[in-house]
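Asks: With the hints as constraints, model all of the structure from the sequences given.
Those sequence lines, one after another, are chains Z and F.
If you read the first sequence in my numbering, its first letter stands for residue 1, the second for the next number, and so on.
If you read the second sequence in my numbering, its first letter stands for residue 1001, the second for the next number, and so on.
No wet-lab data here; the hints were simulated from the structure.
Certain hints may be false.
[As the list claims (entries may be wrong)] Derived DEER-like restraints, expressed as beta-carbon distance ranges:
#1 Z:R60 / F:T1107: 44 to 54 Å
#2 Z:R125 / F:H1012: 25 to 35 Å
#3 F:V1110 / Z:A243: 24 to 34 Å
#4 F:L1242 / Z:W66: 54 to 64 Å
#5 F:W1317 / Z:R146: 53 to 63 Å
#6 Z:G72 / F:G1301: 54 to 64 Å
#7 F:M1114 / Z:Q223: 33 to 43 Å
#8 F:V1167 / Z:R111: 30 to 40 Å
[Claimed, not checked] Chain Z side only, calculated, beta carbon under 8 Å to chain F, not exhaustive:
#9 L73
#10 P75
#11 H112
#12 R115
Remember, it's a predicted structure, so these values are computed and weren't measured experimentally.
Ideal placement from N, C-alpha and C gives every residue a C-beta, glycine not left out.
Chain by chain, the residues:
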Amino acid sequence: MSTTRALSVRGLAKRFGALVVAQEIDLDLAPGARVALIGPNGAGKTTFVNLLTGFLEPDRGRIELWGQSLQGLRPEQRVRRGLVRTHQINQLLADNTARDNLAIAIAERDRHAWRLFRFGRQWDRCCEEAQQRLEEMETAAAADRRVSELPYGEQRLLEIAIALSLRPRVLLLDEPAAGVPSHETEVIHQALDRLPADIAILIIEHDMGVVFRFAHEIVVLAQGRVLARGSPAAISADPRVRAVYLGKSPV
Amino acid sequence: MRRARVVAAIGHAVPWAIAVVYFFAVPSDLDFGTQVMIWILFAMSLDLALGYAGILTLGQAAFFGLGAYTAGLFAIHLSPDPLLGHLAAIGVTMLVGALTGAMILHTTGVTLLMLTLAIVSVLSQYANQATDLTGGDNGLQGIRLDPIFGVFEFNIFGKTAYFYALVVLFGWFVLARRIVHSPFGRSLDGIRQNPHRMRAIGTPVWWRLLAIYTISAAMAGSAGALSAHATRFVGLSVLDLLTSGTVTVALILGGTRRLYGGFIGATIYLVVQDYSAKISPFFWEFVVGGLLIATVLLLEGGLLDFGPAVLRLRDRWQAGQRR
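Replies: Written as structure tokens, this is what we have:
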């Protein structure tokens, strides 16, 4: 295994007082990887994403993105290096239209922020790209509507579209289907299937249907510690995983 | 589409046309017009920080007062050139805005509010104690100014001060409009709504807030300098907490995040103050208070929302008739 890893985590640890939320977590994502992170509620999955993205500071451990340490970088700096996340609970600009939400992200990616002159053309281009990305997500009809008026499923798609518009190299999807009514989940699944193959993706998900369909490798987290890892088949056969997570009935 | 553009252009021209017409129509009371424009600029500075970027501040008077004292002291001790004094006021308020902003903008909500209050209180107390410098309670007196460009003299008729204020206001307005429509302005709008989202798309939130806070401080300082130059006097009240409160009321009355909100709000505030104070010195606060409560309760977007709100009512009424 001499190839560069897209993301490499070694010995990541974090505690809040007496509560240990991450213990010596190791994780590797190869370029183009599709890894699922599962675990019971409170296992530390979202905390792990927060540690990776810099919203939380780890007590110990190393995180490398394509061989470069992310030590001490703020969340926005990590985003600019290609480590992008989506959120379990939507974090959108509710008063803006879907297109504006995307265009603002695109303008940020292209670093147009400090342009005070002749920004009109750049902004138009950002809006065009935003429109195109909405069409790719098959949500173009939502472009001119305020986000707060959109169905939840479309808001979830917008979360993913925004993350993709930042041209990530490593993408962390925090429960992309969370809260989506069952008749809309298929749309999310299709969007996940369409994600570019070259991006390394870590997906956190409770829905085992999504996990088994999407992931080539599964990592099981329990009480802030990696309990097991392996292929979907191996994980679903692992008695320890069944005991803590999958319950007694086989999947 | 074309018609909408024409209507918008007329809308943009109206306040400036009024300002020019006022000059010729009411030559006897230009001082009042100048005061209105100063408060419009002051309210606009608050709109950038509070309205657009969501920086919860009650400390805007700190920069207004600092700008006024800087302009006054500059004229007395360094040079009577009004434009140099004005630039000095902008420079000092920018510097203090950047320094205090760097110290407080990592906080939010009530903490931030308290820190902005603390800043204005510290400055106010200092101005009160440092009587040798500021004149304390008596205010800063003896400000003499050269004519602008050596031609336009400041005098009791206030013509020069009026146009001086108008030009400065227009300049800041053009800059403010650029800012709020630029990608920078849009990112501020995003930060107000959801700072977490903005960090997740790579926005350096703290730097953006610091930038707009500094610009806002310079704008308030510029308004303060205009005030010092127009009246050739600086009183302690420029640093009063009440001054912060007044400008906030004026802005909310007119409507935040419109830039023109301050135009309506400050004008109405000062007109109501002027007229009802003639009836009774205590009455005007009652009127302004009532107006503010009615505006906040009934018009979500301030008085600028009055027209659209009436149209909405009409539509609803017509829909009811049809049924």
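Asks: Confirm or reject each hint.
Replies: Evaluated hints:
1. Z:R60 / F:T1107: 44 to 54 Å: 29 Å, violated
2. Z:R125 / F:H1012: 25 to 35 Å: With a Cβ separation near 26 Å, R125 of chain Z and H1012 of chain F satisfy 25 to 35 Å, so the hint holds.
3. F:V1110 / Z:A243: 24 to 34 Å: Taking Cβ atoms as reference, V1110 of chain F and A243 of chain Z lie about 47 Å apart, which means the hint is violated.
4. F:L1242 / Z:W66: 54 to 64 Å: 57 Å, holds
5. F:W1317 / Z:R146: 53 to 63 Å: 26 Å, violated
6. Z:G72 / F:G1301: 54 to 64 Å: 43 Å, violated
7. F:M1114 / Z:Q223: 33 to 43 Å: 40 Å, holds
8. F:V1167 / Z:R111: 30 to 40 Å: At roughly 34 Å between Cβ atoms, R111 of chain Z and V1167 of chain F fall inside 30 to 40 Å, so the hint holds.
9. L73: 11 Å, violated
10. P75: 5 Å, holds
11. H112: 4 Å, holds
12. R115: 6 Å, holds
The structure is inconsistent with the numbered hints 1, 3, 5, 6, 9, although it conforms to all the rest.
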